[in-house]
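Chain A is already provided as a structure; the job is to place chain B on it using the hints.
Protein sequences appear in the order of chains A and B. Using the UniProt record's numbering, the first residue of the first sequence is number 1, and each one after it goes up by one. Using the UniProt record's numbering, the first residue of the second sequence is number 1, and each one after it goes up by one.
Do not take every clue at face value.
[As the list claims (entries may be wrong)] With the C-beta cut set under 7 Å, the calculated list includes, among others, these residues of chain A facing chain B:
(1) L54
(2) R80
(3) G85
(4) T111
[Claimed, not checked] Partial chain B-side listing against chain A, Cβ under 8 Å, derived:
(5) A42
(6) Y50
(7) Q63
[What the hints assert, rightly or not] Some chain A residues flagged as far from chain B (calculated, every beta-carbon gap over 10 Å):
(8) T31
(9) E41
(10) T70
(11) Y96
Derived from the structure by calculation, the hints contain no laboratory data. Glycine residues also receive a C-beta, built at the ideal position from the N, C-alpha and C atoms.
Single-letter residue listing:
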Amino acid sequence: MIGLPANRLFCLLLLSLFIPAVVCGAPVTRTLSTAEPGAGEVFDISLSIDGIDLGGVVETLPAGYAFTGTEHPDDRVTVRGQSIGFAVMNDTAITYSVTAPASGSGDITGTWEDFLGESDGQVAPSHVAVDGIETAAESAGEKPAAQEAASPVAALAAVAALFIAGWGGRR
Amino acid sequence: MKPWPFLALLLLLAVPASAADGIPGDADGDEVLTSGEYASAALAYLAVTYMGGAGELDRTDIQDAAWVYARWDGKPREVTDSSGQTVTLYRPLRRIVTFSGESLETLRSLGFDMDRVVAVDKYSHEKNTFFPECREKANVGSIWSPDMEKVLSVRPDAVFLYATISTAACDDIQRRLEASSPGIRVFRFDCFKPATYVDEIHTIASIVDETERGEEFASFYGSTMAQIQDGTTEIPDDERTRIYFEYWFDYTTVAASAGYNEKTELAGGKNPFAIGTAEYPVVDPEAIIVADPQVVVKLAGQGLTVGGYAGHDPEALDAIRSALVERPGWSRITAVKDGRVHVIHSDILGGAQHFIGTAYLAKWFYPDRFADLDPHTVHQRYLTEFQGIDFDLASEGTFVYP
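Same shape as in the complex, but just chain A (with noise of 0.2 Å):
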């Protein structure tokens, strides 16, 4: 076998551990068409969602940003404030609309159940700027504490673990 430096073992060893908890991730995920939308523009929002033949998912907009439609069933959709529940029955993907304000930014958060199989967890959280640009008003949701910790944290050790592999494979 050829031999690797303890260091660099370390490095794999960590890498191991992080990788499955970036890459298989809840099961429901959002993408956004833009993450900086212009003033008032209509965006649009995916959740993909795998594995959950029967359960819900709540999604919750910064303030300002209004929900302005989906192609989801109406009797499977729910608005209350800035939070949207949708119903899910076997989907694998819903599709919503959102207006963005005239300024302003935060997370859109969002929260799944899946009612057959009884468990249920955040859907990572997506930052929205207007133009880009940030504000100080903050989202309207509350940011899941254990996804805002694993992600970055899973991300940057991944990095840091790539970085001082690399660094250690050469000396």
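Just chain B now, kept in the frame of chain A:
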């Protein structure tokens, strides 16, 4: 404390939310949860839980509604148990109490989530080796001495009782449950009788929604029993092996009405003492010698506490066998002369595992016909694949000797 507030408190405790009639979310109460009703219920739940809305549906309600909608086609499930009563379920069972170790064992064979069994009978509670998960569960006593207060305190949505044995005691428990807590479903099953076990497997699988697993387990059980029956059905009556089956107690045998006799006959044995009305008649020692059995089987177990799952103790079973063959006059018995005296533990003959014990009997009665039947392998597969317990028959327990 005055009795009536105490009873009222008990009643409140006894009726869990899940026991109420009706499918959660069935808005019009027509006993069909339509797609629209389910979706409305899901949205109402999301609104209450995450969006500051008001309503009554909680997490268990919506999970149960999802279950009924997805797995029961939105309709209640009707089940007819072994006592002939039809029971309607509006939700999946979440909190079960079993007064029958055989039903408990069958639930485990079916892959039922044992966390949903919230209390068990005292005998299952004591079987730490076979039911290790029951150690921490509530103990509701026995069918003859039930702790009804304990039963109600664990807020069951279903209670399992026997169907055809100890019927008076079981009827009394059922009456008391129905009087105090009509929401609790009562199911009656035996789970130890070869004639009805396959049907009971399917019915219980239907109750707990493990029909696929039920098919698999019924097939495993049925294949062993079919092999035994196929090997014995064509044996003429006058060629059947003459046996003496002795119960736990000396010179006590089994008559036609006893369950052990049914298994003995299934295995092709001919019991000359299968007469009379008593289940376990005492026989004259001289009559055994006169009957001259070709095979003798002695039962160990509850009334003769050695072996079984509780301990690896072949010496104890050997001692039982030695005591038999040394009985006065027994040296003249064919079974003794031919070395065909066996000891079997009731753990594998009396309850849900009767197919394993019956396989041993068949092999002892007809070693040539059943050369390919391997009860030991069947037993180990049952424990590993269906019971899911870590129990190695090579080094643990003693069930037969030799």
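The hints, checked one at a time:
Hint on L54 (chain A) holds. Least Cβ distance to chain B is approximately 4 Å, under the 7 Å limit. A distance limit of 7 Å between C-beta atoms decides the matter here; for R80 (chain A) the minimum to chain B is near 4 Å, and the interface restraint holds. A distance limit of 7 Å between C-beta atoms decides the matter here; for G85 (chain A) the minimum to chain B is near 4 Å, and the interface restraint holds. Nearest Cβ of chain B to the Cβ of T111 (chain A): about 6 Å, under the 7 Å cut. The hint holds.
For A42 (chain B), the interface hint holds, since its Cβ comes within 8 Å of a Cβ in chain A; the closest pair sits about 4 Å apart. Nearest Cβ of chain A to the Cβ of Y50 (chain B): about 4 Å, under the 8 Å cut. The hint holds. Residue-level restraint check for Q63 (chain B) holds (minimum Cβ-Cβ distance to chain A is 5 Å; threshold 8 Å). Even its closest Cβ contact with chain B, about 21 Å, leaves T31 (chain A) beyond 10 Å, as expected for a residue assigned away from the interface.
Listed as a non-interface residue, E41 (chain A) keeps its Cβ farther than 10 Å from every Cβ of chain B; the least gap is roughly 26 Å. The beta carbon of T70 (chain A) is kept farther than 10 Å from every beta carbon of chain B, the shortest such distance being approximately 13 Å. Non-interface status of Y96 (chain A) relative to chain B is upheld: no Cβ of that chain comes within 10 Å, the nearest being about 15 Å off.
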